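Residue numbers (our numbering), protein chains in the order written: chain A, 1 to 492; chain B, 1 to 492; chain C, 1 to 492; chain D, 1 to 492.
Keep in mind the hints are simulated off the structure, nothing from the lab.
Predicted, not measured: the structure shown is a model, and the values here were computed from it.
Errors might be hidden in some of the hints.
Each pair may be met inside one copy or between any two copies, as identical chains are not told apart.
In silico DSSO-like pairs for lysine-lysine, Cα to Cα no more than 30 Å straight-line [unchecked claim]:
{"id": "1", "residue 1": "K47", "residue 2": "K116"}
{"id": "2", "residue 1": "K47", "residue 2": "K382"}
{"id": "3", "residue 1": "K163", "residue 2": "K382"}
{"id": "4", "residue 1": "K116", "residue 2": "K382"}
{"id": "5", "residue 1": "K338", "residue 2": "K382"}
{"id": "6", "residue 1": "K486", "residue 2": "K448"}
{"id": "7", "residue 1": "K338", "residue 2": "K47"}
{"id": "8", "residue 1": "K486", "residue 2": "K163"}
{"id": "9", "residue 1": "K163", "residue 2": "K47"}
{"id": "10", "residue 1": "K486", "residue 2": "K382"}
{"id": "11", "residue 1": "K163", "residue 2": "K116"}
Protein chains: 4
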Amino acid sequence: MSLTTTSTVPFKVADLALAEAGRHQLRLAENEMPGLMALRAEFGESKPLAGARIAGSLHMTVQTAVLIETLVALGAQVRWASCNIFSTQDEAAAAVVVGPDGTVDAPAGVPVFAWKGETLDEYWWCTDRIFDWSAEAAEAGADWIGPNLILDDGGDATLLVHKGREFEAAGSVPEASDDTSHEFRVILDTLRTSLERTPDRWTRVAAELQGVTEETTTGVHRLYELHAAGELLFPAINVNDSVTKSKFDNKYGIRHSLPDGLNRATDVLMGGKVAFVCGYGDVGKGAAEALRGQGARVIVSEVDPICALQAAMDGYQVSRLESVIGEIDILVTGTGNKDVVRVEHLQGLKHLAIVANVGHFDNEIDMAGLESLPGAERVEIKPQVHEWRLPTGRSVLVLSEGRLMNLGNATGHPSFVMSNSFTNQVLAQIELWTRPAEYPVGVYVLPKHLDEKVARLHLDALGVELTELSPEQAAYIGVPVEGPYKVDHYRY
Amino acid sequence: MSLTTTSTVPFKVADLALAEAGRHQLRLAENEMPGLMALRAEFGESKPLAGARIAGSLHMTVQTAVLIETLVALGAQVRWASCNIFSTQDEAAAAVVVGPDGTVDAPAGVPVFAWKGETLDEYWWCTDRIFDWSAEAAEAGADWIGPNLILDDGGDATLLVHKGREFEAAGSVPEASDDTSHEFRVILDTLRTSLERTPDRWTRVAAELQGVTEETTTGVHRLYELHAAGELLFPAINVNDSVTKSKFDNKYGIRHSLPDGLNRATDVLMGGKVAFVCGYGDVGKGAAEALRGQGARVIVSEVDPICALQAAMDGYQVSRLESVIGEIDILVTGTGNKDVVRVEHLQGLKHLAIVANVGHFDNEIDMAGLESLPGAERVEIKPQVHEWRLPTGRSVLVLSEGRLMNLGNATGHPSFVMSNSFTNQVLAQIELWTRPAEYPVGVYVLPKHLDEKVARLHLDALGVELTELSPEQAAYIGVPVEGPYKVDHYRY
Amino acid sequence: MSLTTTSTVPFKVADLALAEAGRHQLRLAENEMPGLMALRAEFGESKPLAGARIAGSLHMTVQTAVLIETLVALGAQVRWASCNIFSTQDEAAAAVVVGPDGTVDAPAGVPVFAWKGETLDEYWWCTDRIFDWSAEAAEAGADWIGPNLILDDGGDATLLVHKGREFEAAGSVPEASDDTSHEFRVILDTLRTSLERTPDRWTRVAAELQGVTEETTTGVHRLYELHAAGELLFPAINVNDSVTKSKFDNKYGIRHSLPDGLNRATDVLMGGKVAFVCGYGDVGKGAAEALRGQGARVIVSEVDPICALQAAMDGYQVSRLESVIGEIDILVTGTGNKDVVRVEHLQGLKHLAIVANVGHFDNEIDMAGLESLPGAERVEIKPQVHEWRLPTGRSVLVLSEGRLMNLGNATGHPSFVMSNSFTNQVLAQIELWTRPAEYPVGVYVLPKHLDEKVARLHLDALGVELTELSPEQAAYIGVPVEGPYKVDHYRY
Amino acid sequence: MSLTTTSTVPFKVADLALAEAGRHQLRLAENEMPGLMALRAEFGESKPLAGARIAGSLHMTVQTAVLIETLVALGAQVRWASCNIFSTQDEAAAAVVVGPDGTVDAPAGVPVFAWKGETLDEYWWCTDRIFDWSAEAAEAGADWIGPNLILDDGGDATLLVHKGREFEAAGSVPEASDDTSHEFRVILDTLRTSLERTPDRWTRVAAELQGVTEETTTGVHRLYELHAAGELLFPAINVNDSVTKSKFDNKYGIRHSLPDGLNRATDVLMGGKVAFVCGYGDVGKGAAEALRGQGARVIVSEVDPICALQAAMDGYQVSRLESVIGEIDILVTGTGNKDVVRVEHLQGLKHLAIVANVGHFDNEIDMAGLESLPGAERVEIKPQVHEWRLPTGRSVLVLSEGRLMNLGNATGHPSFVMSNSFTNQVLAQIELWTRPAEYPVGVYVLPKHLDEKVARLHLDALGVELTELSPEQAAYIGVPVEGPYKVDHYRY
């Protein structure tokens with residue numbers, strides 16, 4: 001792979017020759033993303049995002065490609081990186097760069113910096129690139145241009161701006177200590193280079209930014225913490241907590257992609273097996289339903305007594321992992337916490353049990369502990385599938401090196417689910433861009449009428465007929481005929 | 001049935017001789033209500049409700065009997081009426097009056113005013129009785145005693161106090177107009193009699209009241225409206241929106257009692273039948289799951305696009321009622337709205353289709369319209385099951401005269417579900433009684449740590465093992481080790 | 001209850017005044033029994049059963065009433081007893097006796113000898129009565145008339161004829177020994193009385209009989225044993241093994257009536273509970289599905305490795321009862337074997353665990369052992385629901401005294417399921433009556449085209465559209481266009 | 001690809017270098033195939049298949065590789081071809097050729113003639129090769145050696161022998177007529193070449209053969225027809241109708257591999273979609289369960305009223321394909337019949353609806369009709385996934401060119417399921433080889449005790465505890481304690 005510079009705007013992807021294959025997939029995905037296509041129809045003329053320059057950091061998949069092209073159709077300029085080193089679908093990245101009207105020789109699409117299998121250094125280099133709009137500035141004959149919106153997944157792009165500006169204010173980037181993780185060292189190095197080159201780069205970027213829309217629980221958590229600490233630099237819309245995101249993407253997305261990833265990785269029958277799911281939030285609910293739907297016997301663990309009681313009422317055994325460790329064939333973790341699956345658990349599993357993470361970071365499984373376990377040996381069965389031979393004489397199969405296996409072993413959430421999430425993203429970008437006065441610095445969820453709109457845009461494709469309230473009925477329950485229909489604390 | 005006065009405190013129930021049978025059922029129910037029993041164990045000594053005088057208006061069932069005796073065990077004095085003319089289980093009412101230590105000849109329990117099959121006049125007379133503590137005053141040698149807490153279901157007790165005080169302030173009870181419903185006429189008559197007898201009765205009662213805890217969506221809705229209008233007279237805790245109530249009682253309760261009611265009423269096989277469920281809120285979700293679990297093909301209707309999309313993602317056909325009316329064998333409505341099932345629907349159903357309401361009021365089905373339909377004839381198959389012969393030549397089977405069939409045709413939600421709801425009720429009563437400073441006039445939900453406590457008290461009975469967070473894990477996700485574990489807007 | 005003799009033909013039921021209520025239920029049931037109603041339409045004119053005199057021994061329920069009236073509509077004369085002391089629905093029995101055109105004062109229906117709660121002596125007296133056609137003989141002016149067909153459930157009627165003839169051939173009824181069960185002693189007494197009165201009664205009856213159609217696994221098992229021993233006296237059609245019986249009645253019937261019986265008996269929530277199902281045949285499959293559909297966690301036991309593997313593949317834990325005895329809330333047995341639930345199991349269950357038999361005889365649960373357990377005490381909670389207080393200090397709730405709880409605590413299988421079974425019965429009776437040459441002494445299943453016919457008659461009521469083979473397609477798979485479609489060993 | 005001849009025995013596979021990757025997968029598969037591994041343990045010493053020379057024609061997958069090496073471990077000599085042009089997993093074929101002890105340079109395994117993507121000419125050449133044991137003869141210094149057993153899937157190997165011998169007896173191979181299918185022309189050509197070269201080849205082969213064990217419904221159907229016509233040349237064991245094959249492979253295999261294939265082919269969300277399943281036999285039951293488990297709304301079609309009624313009782317809508325064609329997102333056919341999905345259906349589907357065959361031959365979907373439809377255009381999205389643009393302006397996505405998509409788009413049934421089927425195969429081969437006297441020419445199913453043995457060998461791996469009958473219980477139901485437990489006509 002080499003830096004491709006055939007365009008006036010630089011980009012870096014695995015292979016532009018994959019663009020045609022990618023375009024086929026985009027075309028099929030568009031049929032599965034009615035929300036985004038409806039926004040193109042509604043806003044393609046009025047172009048509410050004209051003037052918006054969006055720095056996007058989100059898994060560079062086929063679905064994201066449809067998102068990117070929707071943002072462009074609504075008038076935005078866009079640059080893109082992935083938010084995970086393994087999650088890029090190279091043919092999608094290529095198709096986006098080439099664009100619907102470009103060719104491999106004359107790409108006319110969006111600059112993407114992403115490929116499957118980045119190193120951490122490459123990853124943060126890519127993230128840095130989405131904030132460098134010098135080519136666009138040159139093209140526009142401007143002195144400097146920065147992005148004015150971030151579309152983020154997990155908060156890495158937002159982190160880079162905040163840390164960059166913090167270190168610029170301090171005048172230096174701190175040294176790494178012994179405790180500093182490998183990844184944070186890379187971030188420090190990236191920012192140190194930047195500080196040396198342009199001491200006010202991130203300060204300027206931050207000032208220009210009109211806001212961020214954030215996709216995930218983890219990213220949102222960071223934003224609320226930043227805001228609570230008084231350090232948030234620009235308004236943020238929490239897309240994750242739109243009902244049509246958290247209750248759809250997390251639950252129905254995992255229901256689809258967990259068994260898909262297990263199949264592609266291992267071809268192991270789920271029927272009749274004992275599957276253990278750590279966590280019964282939305283992700284765990286989707287995981288458990290999928291496994292049961294394939295005939296597995298599902299056991300769940302939970303720390304929250306309410307979710308634990310839900311799991312029991314849904315018919316699942318609820319146990320501590322260590323209580324049943326020796327019975328487990330398939331171990332799935334989806335908690336968003338760390339050290340959920342520990343080395344002692346891995347050593348207690350059945351021979352060739354499968355270990356899969358659908359939570360967030362790879363530290364849900366103590367991969368560091370496994371890697372340093374004396375006598376443990378790692379055998380690659382195929383990419384993203386490793387047999388770890390343990391000192392016990394037994395092995396476990398670890399998927400995607402402990403990272404998100406629904407992305408690493410499958411192709412992520414399917415288009416229809418992502419259409420819900422991404423329609424929220426686009427509406428959130430429109431909100432921040434067109435109604436800035438409504439959003440002073442802070443963290444917001446989308447108003448319920450937009451959440452309902454997202455759902456509404458996905459009904460026809462499924463053949464759903466919606467019932468309409470009569471004015472009398474609407475008055476009786478005290479809502480407008482056209483919605484929103486529920487109080488804010490309604491749980492769905 | 002006649003007024004029973006063997007005690008110094010009057011009461012009125014169907015037949016005290018049913019007390020032994022009722023006591024058997026209370027004993028079994030106690031085994032299924034671990035939350036309430038745990039509160040007896042935790043607070044039986046300290047008696048935090050000592051001094052509390054509770055006017056209770058809630059279906060007088062076996063489960064409520066265990067609630068009442070728990071309130072008493074925690075130190076409260078209690079008087080009780082049912083909140084529905086059909087929902088009283090006469091043996092439970094008898095057992096409560098007799099009390100665990102009393103006898104039929106010397107009842108030593110709680111004054112109850114409730115029997116199955118009250119007229120509306122009798123119903124409001126009973127509700128009035130729970131506010132009359134003159135016997136207790138006499139016993140205590142006091143001039144006057146009023147209740148200081150209401151435990152309400154649907155808001156009838158709260159309504160009576162508010163209307164009573166309003167009319168006392170106005171000096172008169174208004175005349176009914178042509179539009180006044182039959183039930184509101186009865187209320188006006190009840191308050192007119194009261195005003196004539198004691199012109200400041202409700203004003204005194206209202207002043208004494210330290211708050212109300214409300215069980216249902218409908219009652220809560222009334223409270224928010226009252227408060228928004230500035231007319232709420234005392235603080236209210238919204239028990240309905242505790243997760244362990246709304247997501248358990250509504251969903252898992254209906255999942256149990258809908259098929260139970262259908263079976264007891266009709267013995268009709270659900271397998272293979274087309275069942276239509278109006279509304280896919282928590283009640284509709286539970287109804288649809290139960291029917292599918294019995295092999296029915298379930299079609300759902302919704303007005304809210306988010307809930308409609310959930311129904312589709314859960315695999316249900318989502319249609320307007322009129323689109324599929326001729327295919328339906330079992331029609332269930334659980335929306336909380338009015339006129340959901342209209343006369344034109346009833347006329348379009350298959351011959352002998354079953355019509356069942358698990359929402360709230362009988363106006364979910366247009367029973368008034370049916371009753372006035374020329375040529376329609378009502379044939380009683382057995383109590384609470386009526387064949388309505390329609391001018392079309394077809395018949396429909398209407399359960400519980402269009403009222404809540406899970407109460408009218410079955411025995412309501414089972415004990416375990418109600419234990420969750422009622423443990424919330426008791427904790428809410430304790431909050432209002434012991435921490436009044438925390439609750440100025442307004443409508444509150446219980447703090448999340450109490451909601452989690454309710455769940456926690458029900459885990460052992462189901463054999464659930466809860467996983468514990470390590471301090472490091474708790475810090476990582478920013479929660480206390482012992483909870484609460486979720487942000488307030490978490491949807492479960 | 002007293003012998004009712006207002007008709008020229010004697011009968012004995014609980015109360016003829018229940019007939020109107022029963023007729024209402026028959027009318028509703030007819031709507032749910034499309035197979036039987038279709039036979040009335042098809043054969044009501046031609047009356048293929050003209051001349052047939054049927055002695056029926058089968059649970060005297062509402063559904064059986066529709067069966068009886070179908071047999072009559074097809075030309076048969078019928079007498080009826082129940083095949084279980086608890087299973088009679090008294091209003092159904094009354095309605096059948098009164099008949100559609102009769103009145104309470106002038107019953108014009110079929111002689112029934114059955115009521116809920118017979119003693120064993122009464123039970124065998126009733127069974128004896130269906131073989132006594134002297135009233136019909138008197139009416140017809142004949143010297144003697146016997147039945148020429150048996151419709152049997154469990155084989156009691158068939159047993160009585162075979163034993164009666166055996167003892168008549170031997171010239172005496174043997175004495176009971178110490179090992180003789182109580183029930184068999186009653187049979188011996190019944191036959192002893194008969195032998196004394198009419199020494200050749202059963203010999204004559206047997207000679208007249210043209211065959212029996214048998215409903216159950218147990219009865220069929222007896223028939224195959226009799227035939228293997230060369231003792232079978234007349235041809236038998238095994239209705240049980242029609243696909244539309246065994247795979248429908250057993251599975252879908254239990255799926256319906258098990259939760260119904262649990263609810264009516266105990267009102268205990270199934271959701272979240274641990275339910276154990278002994279046996280994963282058709283009955284066990286239906287039981288497990290019903291319990292899972294209500295949110296229970298289901299554990300299954302099996303002796304047959306194939307059925308055990310099926311249970312595992314369907315997602316159930318498969319364990320020996322003793323391995324998990326202390327976790328069980330609801331224990332269901334449906335094996336058809338004896339001593340499946342033993343006293344040591346009962347003593348190991350959780351406090352107030354429910355014990356329910358949906359297999360066949362009460363000896364699936366060792367009730368005899370429980371009754372003789374020192375220190376065990378039986379407390380009636382309500383009829384058919386008994387708390388057994390055990391020496392362990394814990395109690396169990398035994399339903400229907402260990403007999404079939406779907407009959408004792410609920411109302412048996414619902415009409416639609418029974419319509420399948422009973423349509424097979426009627427077709428089998430027609431076969432034996434109209435084509436005797438095809439059925440020399442032996443045990444037969446119905447030919448597949450009749451089995452398919454039974455299914456076909458039930459499709460319209462469920463809105464099922466059947467696809468038709470083209471002649472080319474039929475030829476391609478080598479079947480007639482109109483069926484039968486499968487080889488005999490096909491398993492469905 | 002070129003003919004590889006590094007061994008003394010010729011073989012032909014795609015690439016021997018894939019052997020290491022294949023061996024990894026074999027190792028994992030062995031862990032999932034406890035039945036086969038148990039047979040190796042039981043019979044590895046005694047080698048009951050010593051002397052057997054097996055010509056195998058069955059999908060050359062990883063699972064088949066474990067089967068082949070099990071046959072070898074039991075003493076057999078084996079040659080192998082695939083039974084489908086697309087189903088070979090090239091790494092599995094390579095691993096088998098190399099063998100566990102060989103190397104790429106010195107393969108020491110079994111001669112395989114199979115690769116993914118054969119032409120029909122190549123396919124029948126491969127099938128021919130498994131009957132040519134001249135290399136083995138040369139090695140053994142024998143004049144001629146033929147196979148003495150066939151292990152067949154679909155009957156192609158058996159067909160070749162029968163047709164070959166038929167034409168040798170006739171002295172010539174008939175000419176193809178206009179109606180002759182392309183495939184049968186290839187067969188005729190293959191046999192014509194053979195006849196020219198060795199006029200008595202197939203006659204000798206047929207004489208040597210001691211029997212065939214057949215895997216599939218289709219193959220079994222051919223065998224019964226041959227036998228009925230008096231043309232069957234050697235005994236056959238019908239493995240397909242072992243319960244542990246037909247009720248496991250067909251149902252649970254498809255439940256696994258249908259969604260797997262849909263995912264790998266299209267990544268389309270199944271949740272919320274309308275899926276139509278043609279046929280509700282075992283394959284259709286598994287397909288419908290899988291789709292429902294993923295949240296699809298499933299509609300079923302059937303020609304057999306019994307299966308149609310089962311589908312309805314399981315909660316599915318049962319409709320004719322043409323009645324709902326315009327609502328369908330995913331169309332699955334699994335009937336075993338031809339022309340089930342016709343061109344008029346394809347033209348009526350929703351835009352980009354998916355069309356998938358899990359039945360048997362590609363003529364379930366009228367691919368020939370589609371290919372000759374004027375105006376239809378085929379666009380390859382990726383291998384085995386084609387968009388057919390139709391004259392209607394809509395497209396459909398046809399998977400695996402209308403052939404079995406669970407093999408073409410996924411990796412076939414998973415190891416655990418195949419372990420059941422293949423354990424039956426091995427036991428059947430042992431029966432034919434070691435007990436020829438028991439099997440005169442005819443078609444047999446395995447005795448039930450062997451069927452139960454297959455199940456028994458798979459229980460431990462799933463943690464299943466089997467319950468044991470006491471001698472008293474076994475006697476009570478009239479079976480041996482150790483089984484078999486069911487009558488032959490039991491349907492499971």
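Going down the list of hints, with the structure as the test:
no.: 1; hint: K47 to K116; verdict: neither (32 Å within a copy, 50 Å between copies)
no.: 2; hint: K47 to K382; verdict: neither (46 Å within a copy, 35 Å between copies)
no.: 3; hint: K163 to K382; verdict: neither (37 Å within a copy, 44 Å between copies)
no.: 4; hint: K116 to K382; verdict: both (15 Å within a copy, 19 Å between copies)
no.: 5; hint: K338 to K382; verdict: within (26 Å within a copy, 39 Å between copies)
no.: 6; hint: K486 to K448; verdict: both (8 Å within a copy, 21 Å between copies)
no.: 7; hint: K338 to K47; verdict: neither (43 Å within a copy, 42 Å between copies)
no.: 8; hint: K486 to K163; verdict: between (39 Å within a copy, 28 Å between copies)
no.: 9; hint: K163 to K47; verdict: neither (33 Å within a copy, 55 Å between copies)
no.: 10; hint: K486 to K382; verdict: neither (49 Å within a copy, 39 Å between copies)
no.: 11; hint: K163 to K116; verdict: within (26 Å within a copy, 53 Å between copies)
Comparing the model with each earlier hint shows violations of hints 1, 2, 3, 7, 9 and 10; every other hint is respected.
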